[in-house]
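Novice: Listed here are the chains, written in short residue letters.
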Amino acid sequence: MTKKEIKLLDEINNKFKIDGRIQREHRIWVSINVNKLIEICKWLKEKGFVHLSAISVTDWLEKKEYELTYHLWSYDNKMLVTVKTNINRNTPTVESVSPIWGESAQIHERELHELFGVKFKGNKDLLPLFLENWQGPAPFRKDFDWRDYVREKFYDKKNEREKVYYD
Amino acid sequence: MVKRSEKAKTMRKLIKAIWIFNWFNSCGFAELVPLVGSRWDMERFGMIIVGNPRHADVLFIAGYQTHKSIERAKRIYEQMAEPRVVIALGSCTMTGGMYWDSYNTIKKLDDYLPVTMYIPGCPPRPEAVFEACEKIFEHVKELE
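Note that the protein sequences, when read in sequence, are chains G and R.
For the first sequence, my numbering gives the first residue as 566, with consecutive numbering after it.
For the second sequence, my numbering gives the first residue as 69, with consecutive numbering after it.
Keep in mind the hints are simulated off the structure, nothing from the lab.
From the three backbone atoms N, C-alpha and C, an ideal C-beta is built for every residue, glycine too.
Careful: at least some of the hints might be erroneous.
Said to hold, decoys possible - Quick list of in silico lysine-lysine cross-link-like pairs, BS3-like style, CA-CA up to 30 Å:
(1) G/K707 with R/K136
(2) R/K176 with G/K728
(3) R/K176 with G/K723
(4) G/K684 with G/K718
(5) G/K689 with G/K610
(6) G/K723 with R/K136
(7) R/K142 with G/K722
(8) G/K707 with G/K649
(9) R/K176 with G/K684
(10) G/K649 with G/K610
(11) G/K686 with G/K649
(12) R/K142 with G/K718
(13) G/K610 with G/K572
(14) R/K71 with G/K718
(15) R/K142 with G/K723
(16) G/K686 with R/K136
(17) G/K728 with R/K136
(18) G/K612 with G/K707
(19) G/K718 with R/K84
(20) R/K136 with G/K689
(21) G/K569 with G/K610
(22) G/K649 with G/K568
(23) G/K686 with G/K723
(24) G/K707 with R/K176
(25) G/K722 with R/K136
(26) G/K568 with G/K601
(27) G/K610 with G/K580
(28) G/K707 with G/K684
(29) G/K569 with G/K643
(30) R/K176 with G/K722
(31) G/K628 with G/K649
(32) G/K582 with G/K568
(33) G/K629 with G/K649
To be verified - What follows is a list of derived Cβ distance ranges for each label pair:
(34) R/I117 with G/E604: 54 to 64 Å
(35) R/G119 with G/V729: 35 to 45 Å
(36) G/R586 with R/I117: 53 to 63 Å
(37) G/V729 with R/R140: 26 to 36 Å
Chain R with its partners taken away, still in its complex shape (with noise of 0.2 Å):
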């Protein structure tokens, strides 16, 4: 039998497969579609996007919000059931990015969601997001 280090064996208690529900405005989902395809197929790693935020561990929030969607990305979050991680994806999400000054567009979406952990990049590397997943795994038993 493979002996296994303390780390591991808690980890392997831990970890269960991040369901994800996408919220994805203008760009958002053309920076996630690697992730989805063959070379980073993140299946291998159980992440799956499922359709209805009830499912999901994991919300991912790329692009810009306006006004108007980010009063629906809020809905969408109060539906999640606990323990819930909001991943935010880009440098829209963090400053507005190109949209700085826009009139109908939030600048820092942690004025109006939990945020969880910043991605930055424009778009952010699969690498990047994988890493992040990997960090909810770490950290799952803090969120329970």
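This is chain G alone, in the form it adopts within the complex (with noise of 0.2 Å):
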């Protein structure tokens, strides 16, 4: 380990009072409450981590949460620092973070708008990317069963040649 992720996490852990995880050389966890958010990306545009790789959303069926990952990568440092936050899976709502990151968050907010059903606040443009005239539950859901709506719509069991789909 060098001495820049260390130094980094004693930072954080100051400011925010939380502890991250160095996951490996370059790379730093940390895992945030969602109201702390918009302040911990805003501190960390400040400090040089100007790129926003990802943002992407795991879906923890069981804890009834979404645990929303930012992927923020630094020119200056080269390194990754990956922030996490969990909102209520029911009603996902979080802060966009689009005024911070500029276009690149606002597509990335829009395909997890359309794929999870999460609403960003303060993203201007949330309108469907691929999903045209879309009237199901937001696909990526685990609870979305999505064989089970494809043969709802598009196949017939009682047509002889299409009742192989239902095995």
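Using the hints, put the two standalone chains together into the complex.
Specialist: See the structure below:
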């Protein structure tokens, strides 16, 4: 481990009173309460983490939670910080980071809104990206049985040729 | 002078070059690339790919169609002048192929567009595509 990871973790600990984890060289994981998400994002942006590589959502069905993951890259430090936060699965609402990272955050949030139904407050454009005229539930949710949905929508059990799809 | 059969005479009258507009999703065009290449060169039959559906006689559709792309395919079809032919290539357009259980792709193309001919295969052989085009020549009178 080099010094820069430990130094950044100490700074985060002093500022936000949370313990991050050094995953490996150049990589840090930080779990944070959703209330402090915008605060830490703004702080990290000022620290030089100007590149938002990705936002992703993990659906934890048993815990009834969505886990949001923000991957931030700093060109100066050559470090990848992963900020994780949990939100309620049934009413997934979170503050948008598009005022901080602009377009790159906007398009990620738009996709996650479409696929997981997460509402990003402050994002100006959350129109469907791939699913036009979609009436079903958010398709990437774990409790969405897409195979049942397809059978219902596209196939007919009475059709002799399409019976195979029901086995 | 070479004596031609009756069939050949009518064929010669009716034949026009087939101009193609391509609407391909995913691996669709990879299936048709050999047709453009030198080995099967489709331009020797006067088949060229045009950039505007208004100039095209035949619409080639290949690959799975999503709900979003089928709306665009319908608009392309509406712009084509009659007589128009839709040829669907590959198993994706017939049954959904490997996307048979995908919520976002359509399964049978003829639910959405009047398909004239299906060419099965994943991908279809270039010879099969030529055979389909030969059938267009044969039946061009019925189309008009």
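Novice: Look at each hint and say if it fits the structure.
Specialist: The hints, checked one at a time:
With a C-alpha separation of about 24 Å, the suggested pair G/K707 and R/K136 falls inside the 30 Å cut-off, and the hint holds. For the hint pairing R/K176 with G/K728, the CA-to-CA distance comes to about 16 Å; that is within 30 Å, so the pair holds. The hinted pair formed by R/K176 and G/K723 meets the criterion: a straight-line CA distance of about 17 Å does not exceed 30 Å. Between the alpha carbons of G/K684 and G/K718 the distance comes to roughly 27 Å, so the proposed pair stays at or under 30 Å and holds.
A C-alpha spacing of about 21 Å is found between G/K689 and G/K610, which places the hinted pair at or below 30 Å, so the restraint holds. The hinted pair formed by G/K723 and R/K136 meets the criterion: a straight-line CA distance of about 28 Å does not exceed 30 Å. A hinted pair counts as satisfied when its Cα atoms are at most 30 Å apart, and R/K142 with G/K722 qualifies at roughly 28 Å. Between G/K707 and G/K649 the alpha-carbon distance is near 20 Å, which keeps this suggested pair within the 30 Å criterion.
Simply put, R/K176 and G/K684 have alpha-carbon atoms about 34 Å apart, too far for the 30 Å limit, and the pair is violated. Of the pairs offered as hints, the one joining G/K649 and G/K610 holds, with about 16 Å between alpha carbons and a cut-off of 30 Å not exceeded. Using a Cα cut-off of 30 Å, the hinted pair G/K686 and G/K649 holds, with the two alpha carbons roughly 18 Å apart. A C-alpha spacing of about 20 Å is found between R/K142 and G/K718, which places the hinted pair at or below 30 Å, so the restraint holds.
A threshold of 30 Å between alpha carbons decides the hint, and for G/K610 with G/K572 the separation of about 17 Å falls inside it, so the pair holds. A C-alpha spacing of about 58 Å is found between R/K71 and G/K718, which places the hinted pair above 30 Å, so the restraint is violated. Simply put, R/K142 and G/K723 have alpha-carbon atoms about 29 Å apart, close enough for the 30 Å limit, and the pair holds. In summary, the hint linking G/K686 to R/K136 is supported, as the alpha carbons are separated by about 27 Å, within the 30 Å threshold.
Using a Cα cut-off of 30 Å, the hinted pair G/K728 and R/K136 holds, with the two alpha carbons roughly 27 Å apart. Between the alpha carbons of G/K612 and G/K707 the distance comes to roughly 36 Å, so the proposed pair goes past 30 Å and is violated. Between the alpha carbons of G/K718 and R/K84 the distance comes to roughly 41 Å, so the proposed pair goes past 30 Å and is violated. For the hint pairing R/K136 with G/K689, the CA-to-CA distance comes to about 22 Å; that is within 30 Å, so the pair holds.
Among the hinted pairs, G/K569 with G/K610 is consistent with the structure: their alpha-carbon atoms are about 17 Å apart, no more than 30 Å. For the proposed pair G/K649 and G/K568, the alpha carbon gap of about 23 Å is at most 30 Å, so the pair holds. With a C-alpha separation of about 46 Å, the suggested pairing of G/K686 with G/K723 is violated against the 30 Å cut-off. Between G/K707 and R/K176, the direct Cα distance comes to roughly 27 Å. Compliance with the 30 Å bound is thereby established for this hinted pair.
About 26 Å separates the Cα atoms of G/K722 and R/K136, which keeps this hinted pair within 30 Å; it holds. As the CA atoms of G/K568 and G/K601 are separated by approximately 26 Å, the hinted pair is consistent with the 30 Å bound. Distance check on the hinted pair: G/K610 and G/K580 sit about 15 Å apart at the alpha-carbon level, within 30 Å; holds. A distance of roughly 18 Å separates the Cα atoms of G/K707 and G/K684; the hinted pair therefore holds under the 30 Å criterion.
The straight-line distance between the Cα atoms of G/K569 and G/K643 is roughly 10 Å, inside the 30 Å bound, and the hint therefore holds. Between R/K176 and G/K722, the direct Cα distance comes to roughly 16 Å. Compliance with the 30 Å bound is thereby established for this hinted pair. A distance of roughly 15 Å separates the Cα atoms of G/K628 and G/K649; the hinted pair therefore holds under the 30 Å criterion. The straight-line distance between the Cα atoms of G/K582 and G/K568 is roughly 20 Å, inside the 30 Å bound, and the hint therefore holds.
Among the hinted pairs, G/K629 with G/K649 is consistent with the structure: their alpha-carbon atoms are about 16 Å apart, no more than 30 Å. For R/I117 paired with G/E604, a C-beta distance near 55 Å keeps the hint of 54 to 64 Å intact. Checked against the hint of 35 to 45 Å, the C-beta distance between R/G119 and G/V729 comes to roughly 41 Å, which is consistent with it. Separated by about 55 Å at the C-beta atoms, G/R586 and R/I117 satisfy the suggested range of 53 to 63 Å.
One distance hint, 26 to 36 Å for the beta-carbon pair G/V729 and R/R140, holds here, with the actual separation near 31 Å.
Violated hints for the displayed structure, listed by number in ascending order: 9, 14, 18, 19, 23.
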